[in-house]
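Chains as they are written, first to last, in this note's numbering: chain A, 14 to 498; chain B, 107 to 220; chain C, 6 to 136.
Be a bit skeptical, because a hint or two may be false.
[Said to hold, decoys possible] In silico lysine-lysine, DSS-like type, Cα no more than 27 Å apart, as pairs:
hint, chain 1, residue 1, chain 2, residue 2
1, A, K387, A, K470
2, A, K387, A, K291
3, B, K207, A, K371
4, A, K387, A, K371
5, B, K207, C, K72
6, C, K129, C, K72
7, B, K207, C, K129
8, A, K371, A, K386
9, A, K446, A, K268
[As the list claims (entries may be wrong)] Covered stretches of chain B (in silico footprint by chain C; criterion: 3 or more residues with CB under 8 Å from a CB of chain C, positions within the stretch not fixed):
hint, stretch
10, 149 to 159
11, 195 to 201
[What the hints assert, rightly or not] Which chain A residues face chain C? A few, computed with CB under 8 Å, are given here:
hint, residue
12, F28
13, L32
14, M40
15, P41
16, Y44
Derived from the structure by calculation, the hints contain no laboratory data.
Where is the CB? At the ideal position from N, CA and C, for every residue including glycine.
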Amino acid sequence: MNPILLEAVLVCYAFLLLLVEAFNSRMPRRYFGWAAVVGTTVVFFMTFFVDSSKMNPEAGYYGFYAADTLAILFKRFILLVSVCVLIMAIEFAPVLVRYLPVEKPDAGSGEMYSLVLFACAGMMWMASAQNFVMIFVSVELVTITFYVMVAMMRGNRASLEAGIKFLILGAIATSLNVYGIAWIFGTLGTTELPEIGAILQSIDSSLFPSLLFGFGLIFAGISFKVAAFPFQFWVPDVYQGAPTPVTAFLSVGSKASAFVVLMRVLESMLSNSELSSKILFMLSLVAGVTILMGNLSAIPQTNFKRLLAYSSIAHAGYLLMGAASIVSGNSGPAIAYYLMAYLISNMLAFGVLLVVGKSTGSDELVHFNGLGKKSPWLATALTLAVLSLAGLPFTVGFFGKFFIFSSALQAQQFILVGIGILGIGCGFYYYLKVIRAMFWLPASKEQSISSPIEISKPYAVMLILLSISLIIFGVYPEPIFNLIP
Amino acid sequence: MDIANFAEASATLGHYLIVSGLLFGIGLMAVLLRRNIIILFMGVEMMLNAANLSLVAFSRFHPVGGGPAVDSQVFLFFIITVAAAEVAIGLAIIVALYRAKQTMHVEDLDSLRF
Amino acid sequence: MGKWWGVMLEEYLPALVHVVVGIGFAVVALLTNFLLGRAGARSKAKDTPYECGMLPAIEEQPRFSVKFYLVAMLFILFDIEVVFMYPWAVVFREYLEREGVLIFWSMMGFIGILLVAFLYALRKGAMEWSR
Chain A
14 MNPILLEAVL
24 VCYAFLLLLV
34 EAFNSRMPRR
44 YFGWAAVVGT
54 TVVFFMTFFV
64 DSSKMNPEAG
74 YYGFYAADTL
84 AILFKRFILL
94 VSVCVLIMAI
104 EFAPVLVRYL
114 PVEKPDAGSG
124 EMYSLVLFAC
134 AGMMWMASAQ
144 NFVMIFVSVE
154 LVTITFYVMV
164 AMMRGNRASL
174 EAGIKFLILG
184 AIATSLNVYG
194 IAWIFGTLGT
204 TELPEIGAIL
214 QSIDSSLFPS
224 LLFGFGLIFA
234 GISFKVAAFP
244 FQFWVPDVYQ
254 GAPTPVTAFL
264 SVGSKASAFV
274 VLMRVLESML
284 SNSELSSKIL
294 FMLSLVAGVT
304 ILMGNLSAIP
314 QTNFKRLLAY
324 SSIAHAGYLL
334 MGAASIVSGN
344 SGPAIAYYLM
354 AYLISNMLAF
364 GVLLVVGKST
374 GSDELVHFNG
384 LGKKSPWLAT
394 ALTLAVLSLA
404 GLPFTVGFFG
414 KFFIFSSALQ
424 AQQFILVGIG
434 ILGIGCGFYY
444 YLKVIRAMFW
454 LPASKEQSIS
464 SPIEISKPYA
474 VMLILLSISL
484 IIFGVYPEPI
494 FNLIP
Chain B
107 MDIANFAEAS
117 ATLGHYLIVS
127 GLLFGIGLMA
137 VLLRRNIIIL
147 FMGVEMMLNA
157 ANLSLVAFSR
167 FHPVGGGPAV
177 DSQVFLFFII
187 TVAAAEVAIG
197 LAIIVALYRA
207 KQTMHVEDLD
217 SLRF
Chain C
6 MGKWWGVMLE
16 EYLPALVHVV
26 VGIGFAVVAL
36 LTNFLLGRAG
46 ARSKAKDTPY
56 ECGMLPAIEE
66 QPRFSVKFYL
76 VAMLFILFDI
86 EVVFMYPWAV
96 VFREYLEREG
106 VLIFWSMMGF
116 IGILLVAFLY
126 ALRKGAMEWS
136 R
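From just these sequences and the hints, can you work out the full model?
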């Protein structure tokens with residue numbers, strides 16, 4: 014089966030859902046959500062039947078689309094993320110409807126599912142992009158869809174404010190990206206990544222200033238999506254204001270696909286050692302500052318969603334540490350494994366946050382007090398998620414950090430590893446704050462007499478599956494490691 | 107750039123790139139310094155069009171085969187399209203914000219504090 | 006005048022005259038008004054909006070009709086679609102015998118995507134209240 018059919022089927026299905034949703038106003042909207050889940054699962058199973066002769070990067074379609082093993086792996090990753098996000102969106106729909114300023118109830122909430130599918134298709138295209146033009150177009154598809162999703166709760170001022178901040182800063186990052194691609198094209202004459210790698214091997218060093226300028230601008234644009242140092246200011250506000258499923262999607266899916274693009278661009282540059290040493294130096298600086306900034310800013314937070322936002326900046330810092338040590342051969346697999354671990358733990362954390370936020374109406378840490386007594390299963394799930402994010406052994410997050418740190422040591426980035434260890438120490442503090450709130454602090458009066466938190470059955474199944482896989486892959490990381498090329 | 111032969115100098119690649127860099131800088135200054143959200147958006151559009159200008163300049167001054175390089179011209183179309191889509195969505199969000207908060211100034215967006 | 010940056014300048018003389026006359030007209034009109042007109046004293050009552058001689062009604066925020074924005078946005082998006090169709094129609098003329106089917110159906114696919122968007126906008130009522 015031709016690999017372009019994957020995204021084509023997904024996009025056509027999303028259009029079908031959109032049209033049916035527009036023409037049919039009587040069906041409850043969550044049926045569209047479940048239809049979207051079914052469609053995404055079908056495409057996930059289709060990825061196992063991709064024609065392996067087309068998986069060669071050289072057989073790419075006019076150099077734009079390459080479905081090699083890394084691309085197929087990330088497509089499956091993004092499809093899994095989308096399934097989780099769709100289930101979360103179905104659970105979150107009542108809150109969403111409350112903030113939509115329309116007269117008919119249930120109107121305006123069905124598009125969220127189609128938008129998630131569009132963003133998923135865009136990220137799948139990002140995973141197999143081999144050309145700067147394709148990277149640009151797919152990144153823009155994802156970003157523009159996210160503008161709509163972040164500002165979806167039109168009656169909620171926080172959501173709109175987050176949307177505007179995301180919009181303006183995202184537009185600046187897009188224009189930086191485009192300007193960088195323009196300079197790279199002007200200097201090298203081509204926008205295809207494999208050709209750029211070939212030309213860079215034997216290039217005159219008098220062209221370095223313009224090349225560094227171009228690559229610097231492109232990294233500035235990418236580091237916006239990745240939440241790296243100079244451009245991470247949008248992350249706390251946007252993550253806090255956006256609807257929780259959208260925040261989960263942003264933090265896992267958008268970051269992962271931006272990292273795939275970063276890895277591909279870095280690979281194309283590696284053929285020239287002078288150029289790459291300068292750029293890797295810059296990357297390691299950015300990684301160190303990002304780790305410090307993310308961890309130190311998360312310490313005084315009192316809002317759990319904002320704390321998770323700052324922690325995702327810190328995780329982006331660890332991933333960049335892996336990217337900066339690309340000279341050691343195994344940093345690619347390390348980053349891929351870390352992203353899998355991040356997927357499981359982050360989705361679980363946001364999953365519990367969604368339910369607690371829905372029942373108490375706010376995401377502050379004080380609302381987690383006494384959760385251990387009220388719903389022990391939820392508290393256990395959140396404990397597991399948070400410990401995995403912190404990197405405790407026997408959770409899947411531990412192995413992620415282990416592989417990244419070992420590849421950084423192999424690339425001799427000792428200062429960076431030191432900063433990373435400092436960051437992990439800070440991380441333990443603010444992650445354990447949540448555990449303390451759940452198990453040690455007593456609940457306030459009105460919370461202890463309110464009813465236990467209700468979760469729908471499929472949602473509970475998703476949370477249980479995520480928790481189990483967190484522990485299983487924490488003691489036995491082989492299955493995931495075998496999937497990575 | 108030879109100032110002595112001003113009357114006979116033709117526009118080289120450097121001239122176009124400097125103009126495009128200036129446009130980019132002006133757009134960036136507009137985004138950083140202005141209060142009105144719509145002016146910020148105009149600055150962003152200006153930055154995108156500065157990149158367009160440099161792409162066209164590269165296309166003309168680095169000809170491939172018989173004619174100008176076509177890759178960057180195709181990329182240019184995509185940039186224009188994406189800019190239009192971004193503007194459509196951005197203005198929708200700005201309209202929704204105006205209806206909710208009756209303000210057009212960036213400094214009034216302060217409900218998401220540290 | 007000769008050559009300047011490689012272009013014969015005499016051809017652009019009408020454009021220069023046009024610009025000078027346009028700007029000059031506006032400047033002369035404003036100057037005449039300033040010099041010859043008698044500027045009266047400005048008072049608070051003179052600055053209120055004119056409402057056929059009645060006292061101005063309660064100060065209200067102007068209600069924003071979203072239909073204007075919707076029409077403009079839909080126009081821009083479909084205009085960009087047409088922008089893509091012009092070069093497509095012109096550039097592929099030589100390749101039409103070999104790959105005619107691919108060329109035609111790829112553009113039809115693009116138009117199909119925008120058709121879905123059009124049907125959605127039609128159904129959600131974006132095209133009403135403005136005619």
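Kindly indicate which numbered hints from before are broken by the structure, ordering the numbers from low to high.
-> The structure conflicts with hints 2, 10, 14, 15, 16, although it agrees with all the remaining ones.
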